[in-house]
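Colleague: Next come the chains, spelled out residue by residue.
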Amino acid sequence: MSAIAASKVLALCFVLGAGTAALAQTIDAVPSDPGPRPGTAGAGGPFPRLNTNETNFFNAAKIRFAEVDSVSGGIEPGNGLGPTFNTNSCASCHAQPDVGGTSPHPRLGQVQRPNPEVAMATLDRTSTGAQVVPPFITADGPVREARFIKDLVTGRKDGGVHGLYTIAGRMDAAGCNLPQPDCVSGQPCKPFSTQLANNNVIFRIPTPVFGLGLIENVSDLALMANLEANDSLKDGLDIHGRFNTTGNDGTITRFGWKAQNKSLLIFAGEAYNVEQGVANEVFQNERSAVAGCVFNPTPEDSTNITITLSNGSTSTTGTASQMSSDTVNFAAFMRLTAPPTPTTASSSELNGKALFGASNSTPGIGCVLCHSASLTTDRSPFTGMGGFTFAPYSDVALHHMGPGLADFVNQGVAGPDEFRTAPLWGVGQRIFFLHDGRAGPGNGGLLNAIQAHKSTNPNCVSGQVFTSDGVRCNSEANAVINQFNGLTPSQQQDILNFLRSL
Amino acid sequence: MPARYSSIVALTVWANAANSARGPRCEPRAEVLQELEKISSAPVAENATVEQVVEPLRNLRVRLPDDLFVHLRYQDAIKERGVEGHLKEMFDEYLVLTMKHPGDPSYLYLFGRALEGRITPQAISTMEEVLKLDPGFVLAHRTLAEIYGSAPFRDRKKESAHRSAFQQACPGSAIPIQPPPQPLAGDFSAAERLLGKDDGKERVVELVHQALQQQAWRMHRTRPFDWYTAEQKKQVVLEAQSAHWRGWSILVRHYRALHQDSKAEQLLSELQDRFEQIHGERNPDLYWTAATALVQLHAEEKHAEKVRETLTQMEKFVAAIPNRRRSAELARFRFKFASRNGR
Numbered sequence: 001m002s003a004i005a006a007s008k009v010l011a012l013c014f015v016l017g018a019g020t021a022a023l024a025q026t027i028d029a030v031p032s033d034p035g036p037r038p039g040t041a042g043a044g045g046p047f048p049r050l051n052t053n054e055t056n057f058f059n060a061a062k063i064r065f066a067e068v069d070s071v072s073g074g075i076e077p078g079n080g081l082g083p084t085f086n087t088n089s090c091a092s093c094h095a096q097p098d099v100g101g102t103s104p105h106p107r108l109g110q111v112q113r114p115n116p117e118v119a120m121a122t123l124d125r126t127s128t129g130a131q132v133v134p135p136f137i138t139a140d141g142p143v144r145e146a147r148f149i150k151d152l153v154t155g156r157k158d159g160g161v162h163g164l165y166t167i168a169g170r171m172d173a174a175g176c177n178l179p180q181p182d183c184v185s186g187q188p189c190k191p192f193s194t195q196l197a198n199n200n201v202i203f204r205i206p207t208p209v210f211g212l213g214l215i216e217n218v219s220d221l222a223l224m225a226n227l228e229a230n231d232s233l234k235d236g237l238d239i240h241g242r243f244n245t246t247g248n249d250g251t252i253t254r255f256g257w258k259a260q261n262k263s264l265l266i267f268a269g270e271a272y273n274v275e276q277g278v279a280n281e282v283f284q285n286e287r288s289a290v291a292g293c294v295f296n297p298t299p300e301d302s303t304n305i306t307i308t309l310s311n312g313s314t315s316t317t318g319t320a321s322q323m324s325s326d327t328v329n330f331a332a333f334m335r336l337t338a339p340p341t342p343t344t345a346s347s348s349e350l351n352g353k354a355l356f357g358a359s360n361s362t363p364g365i366g367c368v369l370c371h372s373a374s375l376t377t378d379r380s381p382f383t384g385m386g387g388f389t390f391a392p393y394s395d396v397a398l399h400h401m402g403p404g405l406a407d408f409v410n411q412g413v414a415g416p417d418e419f420r421t422a423p424l425w426g427v428g429q430r431i432f433f434l435h436d437g438r439a440g441p442g443n444g445g446l447l448n449a450i451q452a453h454k455s456t457n458p459n460c461v462s463g464q465v466f467t468s469d470g471v472r473c474n475s476e477a478n479a480v481i482n483q484f485n486g487l488t489p490s491q492q493q494d495i496l497n498f499l500r501s502l
Numbered sequence: 503m504p505a506r507y508s509s510i511v512a513l514t515v516w517a518n519a520a521n522s523a524r525g526p527r528c529e530p531r532a533e534v535l536q537e538l539e540k541i542s543s544a545p546v547a548e549n550a551t552v553e554q555v556v557e558p559l560r561n562l563r564v565r566l567p568d569d570l571f572v573h574l575r576y577q578d579a580i581k582e583r584g585v586e587g588h589l590k591e592m593f594d595e596y597l598v599l600t601m602k603h604p605g606d607p608s609y610l611y612l613f614g615r616a617l618e619g620r621i622t623p624q625a626i627s628t629m630e631e632v633l634k635l636d637p638g639f640v641l642a643h644r645t646l647a648e649i650y651g652s653a654p655f656r657d658r659k660k661e662s663a664h665r666s667a668f669q670q671a672c673p674g675s676a677i678p679i680q681p682p683p684q685p686l687a688g689d690f691s692a693a694e695r696l697l698g699k700d701d702g703k704e705r706v707v708e709l710v711h712q713a714l715q716q717q718a719w720r721m722h723r724t725r726p727f728d729w730y731t732a733e734q735k736k737q738v739v740l741e742a743q744s745a746h747w748r749g750w751s752i753l754v755r756h757y758r759a760l761h762q763d764s765k766a767e768q769l770l771s772e773l774q775d776r777f778e779q780i781h782g783e784r785n786p787d788l789y790w791t792a793a794t795a796l797v798q799l800h801a802e803e804k805h806a807e808k809v810r811e812t813l814t815q816m817e818k819f820v821a822a823i824p825n826r827r828r829s830a831e832l833a834r835f836r837f838k839f840a841s842r843n844g845r
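Just so you know, the sequences run in chain order A and B.
Just so we're aligned, residue 1 is where the first sequence starts under our numbering, counting upward by one.
Just so we're aligned, residue 503 is where the second sequence starts under our numbering, counting upward by one.
It cannot be assumed that every hint is accurate.
One side of the interface only, derived from the structure: several residues of chain B facing chain A at Cβ under 10 Å [unchecked claim]:
(1) Ser627
(2) Leu714
(3) Arg725
(4) Ala732
Bear in mind the hints are in silico, worked out from the structure with no lab data behind them.
Ideal Cβ positions, reconstructed from N, Cα and C, are used throughout, including at glycine.
Can you build the whole structure from these sequences, using the hints too?
Modeller: Here is the structure:
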């Protein structure tokens with residue numbers, strides 16, 4: 001039942017008198033995720049304080065973000081798809097509620113289109129070249145990338161992304177015979193079957209990229225101060241947290257589900273190579289570079305020394321966007337996007353905000369202790385982005401989420417159950433939640449996601465903190481979720497309503 | 503890969519062998535020649551991959567690892583049929599072999615040959631180094647004559663000098679012309695002829711796919727290094743984009759002719775989606791190709807509203823990016839479809 005419907009029922013009960021209070025309580029006893037907030041997309045545009053030149057750069061970069069790739073540009077104009085890939089455009093997965101967002105859904109949200117990964121099995125393929133949609137990809141499910149926990153043959157840690165598809169069988173990749181994972185040429189293909197049978201596959205869904213320029217520009221010192229704030233309260237709730245850092249200069253890394261990427265440029269370069277198979281100036285090597293499946297010189301995306309103008313002539317000068325690589329444009333798009341605009345206004349939403357915790361000093365039930373409501377940027381070269389206070393609802397730190405969410409993948413400092421606090425801005429218009437998209441419209445959505453924060457390993461003995469595989473016995477969020485569960489259903493609903501206003 | 507490209511480059515047989523004191527022979531030994539001929543005359547399946555074609559040569563190379571002519575044939579096969587990944591692999595192979603055989607002019611020559619047409623200035627300097635190591639290594643003269651005879655590196659004087667040096671040592675031998683001709687463009691005429699015909703209509707889809715794959719091969723085979731300029735590469739990419747719209751248009755017409763309307767509409771709707779994703783300013787040629795294909799497909803089914811919408815988009819595009827040819831085409835479309843509606 002939606003929040004509005006529930007409140008109408010409640011109001012009616014008040015009118016009918018005390019005799020129906022018990023009924024109202026019964027209805028009220030089932031808090032539910034109201035679903036993605038309707039109306040206009042609360043994100044997708046440029047940061048509003050940018051000057052005209054910066055806004056123009058953003059707009060051009062956004063076009064590049066939406067460009068579709070084929071193997072060598074001979075079908076769709078972008079170049080460099082494959083040999084392995086998940087999809088053919090950044091914007092196909094970063095779609096909801098607008099370009100830059102996350103997984104779309106065919107019937108929900110602002111965008112309403114099926115998971116684009118399904119179409120990749122047949123798009124631009126020969127009559128015998130179709131590939132098989134892996135079983136964990138569905139039209140109304142989340143966009144997913146697949147990572148293997150370990151190499152099943154050697155037993156060594158893997159953790160890397162394995163493309164859902166290959167370019168074998170595409171019109172523009174004749175001669176490439178690279179099969180999908182766990183498939184062998186000439187035999188019926190059941191992609192990922194062996195890996196799935198061995199519980200060796202974990203998933204990640206796309207993170208929205210709105211407002212990331214602000215997160216990129218918070219100083220390490222400010223992030224550390226934020227993490228240390230309210231230390232005693234956090235300790236009391238068993239909340240700790242630490243930052244992922246780069247092995248090069250030791251500074252805090254911020255992007256990705258485990259905060260494994262240092263900068264937006266690295267984030268863009270990594271995703272371009274991993275999700276679309278486009279080797280670029282940041283990640284130069286083709287993955288799965290079987291000779292017969294490599295059709296382009298590498299890097300496939302690079303700085304443009306010359307550009308072709310719309311009248312067909314060639315020039316050595318152009319705009320920043322024109323001369324820059326796709327990767328630089330993607331980073332610029334992410335850097336210059338506005339953060340999502342919240343609509344928190346109703347009394348329920350405001351009450352939910354108070355319960356969630358408005359700040360470190362007014363922590364409510366404690367959600368805000370990790371999902372930080374206020375960070376301030378350092379100085380910035382972009383107009384209006386310096387000294388800007390914003391509400392990402394994340395501390396950018398890693399927290400142990402216990403056995404329930406552990407994916408057994410290490411990335412940088414982040415261990416098998418550590419995840420960056422997912423920024424909750426924009427969560428009001430998201431369809432799928434948690435790193436693997438396990439919570440969605442079919443199973444309780446946000447409420448399921450909240451409950452999944454709590455987990456305990458029943459095999460741990462008293463006083464034991466970690467199991468031998470490095471997973472914490474208790475999620476750092478357990479105490480806060482216990483507090484959430486101690487709220488009245490109406491209060492829980494308020495929190496859900498608040499989250500859907502972000 | 504199309505059958506016409508399935509034959510391996512014919513081995514150049516150098517008549518009247520004249521071995522230098524130290525350099526290689528002009529032709530393979532008789533028993534090697536026999537092996538090579540056996541491989542080149544073996545039937546090759548139409549859909550054989552490069553790996554399948556090259557495998558017998560790889561095997562022969564394992565058996566005769568030091569035979570220069572086996573390596574040459576292997577390199578020729580890769581250059582003729584390979585894509586970027588195969589060229590990279592070959593480059594790496596011969597780089598490693600050169601490192602394993604320091605000072606050996608044969609391996610240095612093979613490495614230099616792997617660079618030819620790819621990093622040609624380095625191929626030239628490598629050939630010169632080979633000749634310094636062994637002035638009798640006449641094949642280096644042959645390669646230099648090839649390079650200096652090619653359009654991008656044309657130097658008549660040097661070509662003539664190296665040609666003479668080679669032909670003096672190996673009289674009557676051929677020096678291939680570089681670069682080899684580009685593969686032909688995809689041919690849609692056979693598919694178009696069968697549209698709406700009772701005989702052979704079942705082959706339309708296959709013929710369209712063949713033409714598209716041929717076009718893709720032309721694109722991949724035009725490698726943007728030394729033999730072909732970036733402009734030439736860009737041109738074949740544009741041709742390939744245009745070919746796809748032509749192929750898809752044929753398929754829509756084919757499904758319509760077979761009264762498979764839902765299939766035709768589904769494909770047309772996919773094409774409309776593709777069109778919406780093309781940014782005209784960044785890809786003006788592709789945008790225009792797609793728009794013209796769509797307006798015609800909509801007009802053929804009398805989708806008047808869609809025709810109007812597409813023409814309006816084309817009009818805006820021409821206003822934003824003025825171009826005389828496109829303006830004239832647009833005027834023709836307007837006239838054609840307006841008069842059709844009038845009838």
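Colleague: Next step is simple, just say for each hint if it's right about the structure.
Modeller: Structure-based check of all given hints:
At about 21 Å, the closest approach between the beta carbon of serine 627 of chain B and any beta carbon in chain A exceeds 10 Å, and the interface hint on this residue is violated. Using the Cβ-Cβ criterion of 10 Å, the hint placing leucine 714 of chain B at the interface with chain A is satisfied: the shortest such distance is roughly 5 Å. Against a cut-off of 10 Å between C-beta atoms, the interface hint on arginine 725 of chain B holds, since the closest Cβ of chain A lies about 8 Å away. The restraint placing alanine 732 of chain B at the interface with chain A holds, with a minimum CB-CB distance near 8 Å, inside the 10 Å limit.
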